[in-house]
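Asker: Given next are the chains, with one letter for each unit.
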Amino acid sequence: MKKASWKHSRVILAVLVTLAAPVVAGAGDNGREAILAAYAAEAKASDPSFSGFSANRGETLFRSVRSGGDERTPSCTSCHTGDPRAPGRNAKTGRRIDPVAVSANVRRFTEGEKVEKHFARDCKSVLGRPCTVLEKGDYITFLEGQ
Amino acid sequence: MNVRKNAILMVAMVLTASPAIAGHDRVPPVRDPVVLRECGSCHMAFQPDFLPARSWERIMDGLADHFGEDASLPADVKGAIRAYLAANAGGAAGWRARGEATPERITGTPAFMREHRFPERVWRDPKVLTKSNCPACHSAAEKGLYDDD
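Protein sequence lines, in the order shown, are assigned to chains A and B.
All residue numbers for the first sequence refer to this note's numbering, where the first residue is 510 and numbers rise by one.
All residue numbers for the second sequence refer to this note's numbering, where the first residue is 679 and numbers rise by one.
Source of the hints: derived by calculation from the structure; they are not laboratory data.
One should not assume that every hint holds.
As the list claims (entries may be wrong) - Part of the chain B face toward chain A, derived, beta carbon under 7 Å:
hint: 1; residue: C720
hint: 2; residue: H721
hint: 3; residue: L807
Owing to the predicted nature of the structure, the values given are computational and were not obtained by experimental measurement.
All C-beta atoms in this analysis are idealised placements derived from N, C-alpha and C, irrespective of residue type, glycine included.
Just chain A, same shape as in the assembly:
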C-alpha cells in the first residue's frame, strides 16, 4: 500500500516535471518549482482542505528530535546541522555535506530523482518512516527561504 502510493507519487512527479520543465526552462529554480507544484497537486488530491506548504512546519521537521529511526540520526540536523547555510557532516560516515539552504546552493531540490531518493532514505533514518507529501513540500519551502 505504502509502496504503491510512493510509486504513484513518483509517476505524478515525473509527469509534472516533464510538463513544467519547458515552460520555465532557463530559470535557475525550474526543477524546484516543478517539484513543489507536483507535491502540491498530490497534497491537494489526498486532502481537499490543503492550502499550501508552510516554512514553519518545514523548520519544525528540520529541527525536531525524534526517536523512531537510526539512533545516530535523531534529527535532520544530525547530518545537515542546525544552520542550513553551513556545510553539514554525515553522522554515519563522516562525509561533508554541502549546505542545504537554497541561498547557499541554488541547485538544491532541483532534481526530482535525487529529491525523492533522499526523502525516502533520510526520513527513514530520522523518523523510521517515509515523509508524507506535506512534510516534503514543507521541508523544501523552509529551505527555499533560507
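Since the structure of chain A is already known, use the hints to place chain B on it.
Answerer: Below, chain B alone, put in the same frame as chain A:
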C-alpha cells in the same frame, strides 16, 4: 656540473622508484562521474581496486540493505556502477581478498588490517567517526593516494 648531473640522476631515480616504494599505498582514482556522484554522495567513492570483482557484485546485489542503509538505485544507474566496479576491481585472487572469500568491507580485508593496527582511541576520535572515513586521515584518499601516514 657534477652536482647538477647528480641532481638529475636523483630525480630520475626517485621518479622511477616511487611506484615500487609506494606499493599498495596508491590505487587508481575513481574517474566515472556516475560512480563519483552516487557512491560519493554518502561516503567517499572507494576505489574499486580495494575489493575483488565478486565482492563488488555482492555489494551491488544488496543495495536495499547496504550496511543497514537502503541505497537502492534505478536499474540503469546500478548497472553502470556495477560494470565500472567490476572492470576496475582488484585481482580476484589478489592480495586484498586473501583470507576471506568475498569480503564486503574493505576495512575487514587483511591488507587493511595490516596497515591499521591502532589503539581503540584512534578510531574513537570524533574526526574519524568510522573506519571507512578514509579522508579523515588520508587527505588525498579520493585521489587514490594513501601514502601520507
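Asker: Could you run down the list of hints and mark each one as holding or not?
Answerer: Each hint tested on the structure:
no. : hint : result
1   : C720 : holds (6 Å)
2   : H721 : holds (4 Å)
3   : L807 : holds (4 Å)
The structure shown violates none of the earlier numbered hints.
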